[in-house]
Structures are given as C-alpha cells and as structure tokens.
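> As a plain string of letters, each chain reads:
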Amino acid sequence: MFNPFRRSPPAAPATPDETWIRRIADSQDRAALAALYREYQPRLVRFLSRVTRHDSLIEEVVNDTLWIVWQRAADYRGEARVSTWIMGIAYRVAMKALRDQADPCWGAGDDTDLDTLLVSDPRADREMHDWLAKGLAKLPADQRLTVELVYGQGHTLEETATIMECPVGTAKARLFHARVRLRNLLPDLAGEPETARAEGTHDEPY
Amino acid sequence: MNPTDMRIHQETWGLLPWLVNGRADTAQHHRAEAHLADCADCRAELAREQHLAAAMAQPSVPGPDLSQGLARLMQRLDQAAPVRPARPWLALGTESAGRSATIRLSTAALLGALQLALFAAAAAWWLRTSVPVAGSANGYQTLTQAPASAAPVGPGLRVVFHGGHPISELQALLVGHGLMIVSGPTEAGVFTLGSAAPQPARDLDALAAELRRSPAVAFAEPTGPAAAR
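Sequence lines, in order, name chains A and B.
The opening position of the first sequence corresponds to residue 1 in the working numbering, with each subsequent residue numbered one higher.
The opening position of the second sequence corresponds to residue 1001 in the working numbering, with each subsequent residue numbered one higher.
By construction, these hints were calculated from the structure, which means they are not laboratory data.
C-beta atoms are modelled at their ideal positions from N, C-alpha and C, and glycine is treated no differently.
Watch out, some of these pointers could steer you wrong.
Stated by the list, open to error - Far from chain A, some chain B residues (derived; all Cβ distances over 10 Å): (1) Ala1027; (2) Ala1172; (3) His1177; (4) Thr1192; (5) Glu1210; (6) Ser1214; (7) Ala1218.
To be verified - Which bits of chain B does chain A cover? Going by a derived footprint, with three or more residues having C-beta under 8 Å, they are: (8) 1019-1026; (9) 1048-1055; (10) 1159-1168.
Said to hold, decoys possible - Covered stretches of chain A (in silico footprint by chain B; criterion: 3 or more residues with CB under 8 Å from a CB of chain B, positions within the stretch not fixed): (11) 40-48; (12) 63-73; (13) 171-183.
Hey, can you work out the whole structure from these sequences and the hints?
Put into structure tokens, the structure is as follows:
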C-alpha cells in the first residue's frame, strides 16, 4: 500500500523549551537562556537566511529575538507553541531590521542574491541546493518565508499566520501561489511522467 | 475526472503540505491516503514536496557562529540593568502569570512615585539651604518645591502588595491612611511605609490589620519592636 508518510515532522518538539522559558521567567536562569539559544539559533538562522544573506544582520536579529525572549518570558502564556512565539518575535524583529536597512534581498523574488547564496555554501549538496535556491529566489519574500515556515520548520497554516501577523487566508494564498510557482520551477524529482503535472492546480487557493 | 473526483483531488492537493510536514491529523491522513493510491499526479506532487522539505532542512548558508553569538548575548545581559526584580510575588503562591505584568507595572509606577518623592525631598533641601525662594514668601509653591511633610515621620510598616491593582488604588490606599513609601521594593518585593505627616502615636498593629483588609495588600506588619505602639 502506498505510504505517504516517509518523513518525520521537521519541527517536532524534541526539547523542553517550555521548561526553559519558565526557568527564565521564574529565576532569570541564564543556563536556560543558553539552552534555548543553542536550540533556536540554527532554525532562526535558516529562517532569516531566506530574506537576507548578511551574517551580521542575521546575528543581530537572532540576538535581539532572544533578548526579547529573556525580557518577556513571563508573558508567554502557552497559548501557542514556544516555537511559534519565538518565530513570531523573530519575524517582527527581522521586518523592522530589514526596513531600517532597506535590505535588497527583501521584496519581490529575483536572482540578485542567488550567486551569493550558492557560493557561500560549500557544505550543502550542490545539485539539490541549486534548484532549491533558484526556485526560492524566484518567489516574493513573503512566499519564501511561508514555504520555510511550513516545509522547513513544520508549522501549521494557523501558526504561520500568527508568526507573520496576517490572516489565515493570506497565509493560505501565499502557500498556494508558492507551491504553484515552485512546481513549475523545480525539476520533477519524483520521476513521475511530465504529463502528470498538468492537473492539480487551481485558479483559487484550495 | 468527474466533479466529485476533482473535488477530492483538489482537497488532497491542499493537504499535501501537512502530510509532508507531519501536521496533518488522522482524518486528513485517511482522506489523502485513499486518493493518493489512485492519483499519480498527487503522488508526484507529494514526492516533489517531500524533496523540497528535505532540501529546506539543510542549512542554506553557514550563518553566524553560534558560540560567538551566544557570548555576545550574555555580554549584553551583563551590561544591562536587571529587567525586573526576581518575581517575589510568586512565593506567595497566589499570582497567576497573567497578573505578573500588571504587578511589574504597579511596581514601576510605585518606584516612579518613590523617585519623585526622593527628588522632591532633595529639591526641598536644596531650596531651603541654598536658594532663597521668593515664591514661598509670596504664598505660592513651585512644582519642584516639596511640602514640608515630604520626609516620613515616625516608625513604619513593611508591606507587600498583590499584583493586578491599579496604581491609583494603591495611591488612594496610602493617602487614605496618611502613609508614604519610605523605601523599597526590596528584592523580596517589600515596601517600607511611614507616616506622611506628624500624627499622634499610631497603633501600628491596628493600622497593619487595616491595610491587610485591602485586597491589594498581601502582607503588612509594623517595622519592628521599636515601633511605637
């Protein structure tokens, strides 16, 4: 029988991040903050690298985000997952930083940052990374971030809307348009016949 | 493809991201599975999106160094003033997290009032000792000139406030009892209160009991055995 569930959730809660938040809120526990930093820095870097290539700006946003977490840990109510709360803070901090700096990577998708992205990553598998970078670079930034939050970080549509401070319908539309565009931009890695790609898209978000 | 099949096809296409990222629920799994078994297009799309997710899980750029970034954040903590006193009210076991923000706000407001009082006292001393204030002689008072009663008089009370009460309520409570903040809050959240004006010997035990009846007061006791009874 066909099994579509080949991949485990990319952002399954594997760490006690709620406990760390509580320890920061209750006793300003620096060890808890450090643990949270080690857990979240890589995923924040990946999220932010979808909209800027500047390491200094990425670190600034990461540190500002964790600084806010440190100051406002007591405000975390547990209504959303810790990851949604932290990514939401990071999104707001990043948007402000990018606006202030008028970062050229933000905005409509184009190839301006593609070369830098490609040459700056000697570790990644070049072929896979090439098509991913090319595909993502063609998307507007809000669609790029939506794709990262859903596929890269394992968030639901509702969580994505919360993080990006937009209605769920907007997040849904962004995901729809990003999927359609990536479908046409990315190679047919599944090895299915090309004709099979003719169906399945719609004029309106599903 | 008939309209029903098309609807199921489109619904399944919409579910693919959640199958890929592991956030689909059981019912969605079952619905999608039935269609995927028959639809090569959806299977191809699912496989493509699984590749996309796998590729996105790779670091896209080396990024800033984690250890250096963490060290810089810790340095920032060292340089910054404490953001707030440790949450002493939690020890009382009565405060919800939701109220703590209001507590801190009240504390900030009280600290502000204390700073204002200290500033007023300092200004009064400065005005009395170094500058002849023509205004006083003429029967009016400047804003920076504190009234003679700015300094606390006599023994006092130690008080801890509950959170969630507006500063206006605390202010009314203190003024209503002729009290002012002498010092605090300590790290344990304790304020020391004194009489705002000379008064006949006060029954501090009775005053403390009166304060304790206020919902805003968690704890109130005379400052010690030396207190006038």
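> Could you run down the list of hints and mark each one as holding or not?
Each hint tested on the structure:
Every C-beta of chain A lies more than 10 Å from that of Ala1027 of chain B, the closest at about 14 Å, which supports listing it as non-interface. Every CB of chain A is more than 10 Å from the CB of Ala1172 of chain B (nearest about 27 Å), matching its label as outside the interface. With a least beta-carbon separation of about 31 Å from chain A, His1177 of chain B lies farther than 10 Å from that chain, consistent with its non-interface assignment. The Cβ of Thr1192 of chain B sits about 25 Å from the closest Cβ of chain A, beyond the 10 Å cut-off, so the non-interface label holds.
A cut-off of 10 Å between C-beta atoms confirms that Glu1210 of chain B is not in contact with chain A; the least separation is 32 Å. For Ser1214 of chain B, the requirement that its beta carbon stay farther than 10 Å from each beta carbon of chain A is met, with the minimum near 25 Å. The claim that Ala1218 of chain B lies off the interface holds: its Cβ sits roughly 18 Å from the closest Cβ of chain A, which is beyond the 10 Å cut-off. For the segment 1019-1026 of chain B, the stated coverage by chain A is satisfied: 5 residues place a CB nearer than 8 Å to a CB of that chain, which reaches the threshold of 3.
As drawn, the segment 1048-1055 of chain B meets chain A at 8 residues by the rule of a beta-carbon pair under 8 Å; at three or more, the given contact holds. As drawn, the segment 1159-1168 of chain B meets chain A at 0 residues by the rule of a beta-carbon pair under 8 Å; below three, the given contact is violated. Counting residues of the segment 40-48 of chain A whose beta carbon lies closer than 8 Å to any beta carbon of chain B gives 4, which reaches the threshold of three, so the coverage claim holds. Residue count for the segment 63-73 of chain A with a Cβ under 8 Å from a Cβ of chain B: 5. That meets the three needed, and the coverage hint holds.
Against chain B, the segment 171-183 of chain A contributes 4 residues with a C-beta closer than 8 Å to a partner C-beta. That satisfies the three-residue criterion, and the hint holds.
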